[in-house]
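Protein chains: 2
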Amino acid sequence: MQVDFDSIQPETFEHFKGGEGSVTTQAYVDGNNRIMKATVHPHSSIGWHQHSGNSEIVYVLSGVGKVVVEGGEEPLVPGMCHYCAEGQFHSVVNPNEEDLVVFAVVPQHGSL
Amino acid sequence: MQVDFDSIQPETFEHFKGGEGSVTTQAYVDGNNRIMKATVHPHSSIGWHQHSGNSEIVYVLSGVGKVVVEGGEEPLVPGMCHYCAEGQFHSVVNPNEEDLVVFAVVPQHGSL
Numbered sequence: 001m002q003v004d005f006d007s008i009q010p011e012t013f014e015h016f017k018g019g020e021g022s023v024t025t026q027a028y029v030d031g032n033n034r035i036m037k038a039t040v041h042p043h044s045s046i047g048w049h050q051h052s053g054n055s056e057i058v059y060v061l062s063g064v065g066k067v068v069v070e071g072g073e074e075p076l077v078p079g080m081c082h083y084c085a086e087g088q089f090h091s092v093v094n095p096n097e098e099d100l101v102v103f104a105v106v107p108q109h110g111s112l
Numbered sequence: 001m002q003v004d005f006d007s008i009q010p011e012t013f014e015h016f017k018g019g020e021g022s023v024t025t026q027a028y029v030d031g032n033n034r035i036m037k038a039t040v041h042p043h044s045s046i047g048w049h050q051h052s053g054n055s056e057i058v059y060v061l062s063g064v065g066k067v068v069v070e071g072g073e074e075p076l077v078p079g080m081c082h083y084c085a086e087g088q089f090h091s092v093v094n095p096n097e098e099d100l101v102v103f104a105v106v107p108q109h110g111s112l
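For the protein sequence lines, the chains are R and S, in the order given. Quick note on the numbering used here: the first sequence kicks off at 1 and runs consecutively. Quick note on the numbering used here: the second sequence kicks off at 1 and runs consecutively.
Note that these hints are calculated values from the structure, not bench results.
Calculated pairs, DMTMM-like style, for lysine to aspartate or glutamate (alpha carbon to alpha carbon, straight line, at most 20 Å):
(1) S:Lys-66 <-> S:Asp-99
(2) S:Lys-66 <-> R:Asp-6
(3) R:Lys-66 <-> S:Asp-6
(4) R:Lys-66 <-> R:Asp-99
(5) R:Lys-66 <-> R:Glu-98
(6) R:Lys-17 <-> R:Glu-70
(7) R:Lys-66 <-> S:Asp-4
(8) S:Lys-17 <-> S:Glu-70
(9) S:Lys-17 <-> S:Glu-73
(10) S:Lys-66 <-> R:Asp-4
(11) R:Lys-66 <-> R:Glu-20
(12) R:Lys-17 <-> R:Glu-73
Chain S regions said to be covered by chain R (calculated; three or more residues, Cβ under 8 Å):
(13) 28–36
(14) 53–65
Computed from a prediction, not measured in an experiment: that's the story for all the values here. For each residue, glycine too, the CB sits at the ideal point set by N, CA and C.
The whole structure should be built from the sequences, with the hints applied where relevant.
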């Protein structure tokens with residue numbers, strides 16, 4: 001099936017998972033996957049959270065930011081891919097003046 | 001963790017899953033996910049196959065092609081997302097003169 005983000009209603013969340021500012025998502029969800037385009041707005045973040053029973057794969061479409069992981073940080077620039085494996089924690093941060101736009105998948109694995 | 005496709009050795013497959021021509025992939029794989037960049041070369045295809053116990057999410061980075069699904073076809077153009085849910089079949093076709101490059105995730109769900 002086609003996931004057409006242009007036809008999915010955007011939802012904007014303030015302090016998403018305890019982060020700063022606001023995040024807008026367009027998501028297709030079934031029992032196995034959350035498939036989404038997410039925009040972390042300027043000076044905003046997705047707060048520190050754990051992926052239990054699922055994981056997250058993030059591919060940067062536009063903008064520049066960083067991911068905070070256990071033990072460090074990873075840069076996010078267009079074309080870069082971040083993987084939060086099952087059981088791990090992360091936070092996505094946009095400290096800049098432009099939107100950080102990512103394509104992301106959260107698959108359910110159910111093995112935790 | 002960062003999945004840096006620039007540091008992942010490309011592998012080229014002829015007649016990938018029974019398709020035409022050749023496909024080049026760069027993949028990071030663990031027990032839960034296959035995370036990859038795949039290039040379907042001109043006049044090439046990934047053959048018709050089923051996703052059993054896993055699914056596949058495809059995001060088009062560049063090039064133009066199509067996905068054959070049960071009951072029809074879906075266009076693939078940059079920014080478009082195709083979802084092959086668990087249990088479904090599909091084939092990815094590039095009938096054109098330019099590479100079709102996609103970011104794709106194959107998560108294991110294990111519920112079949």
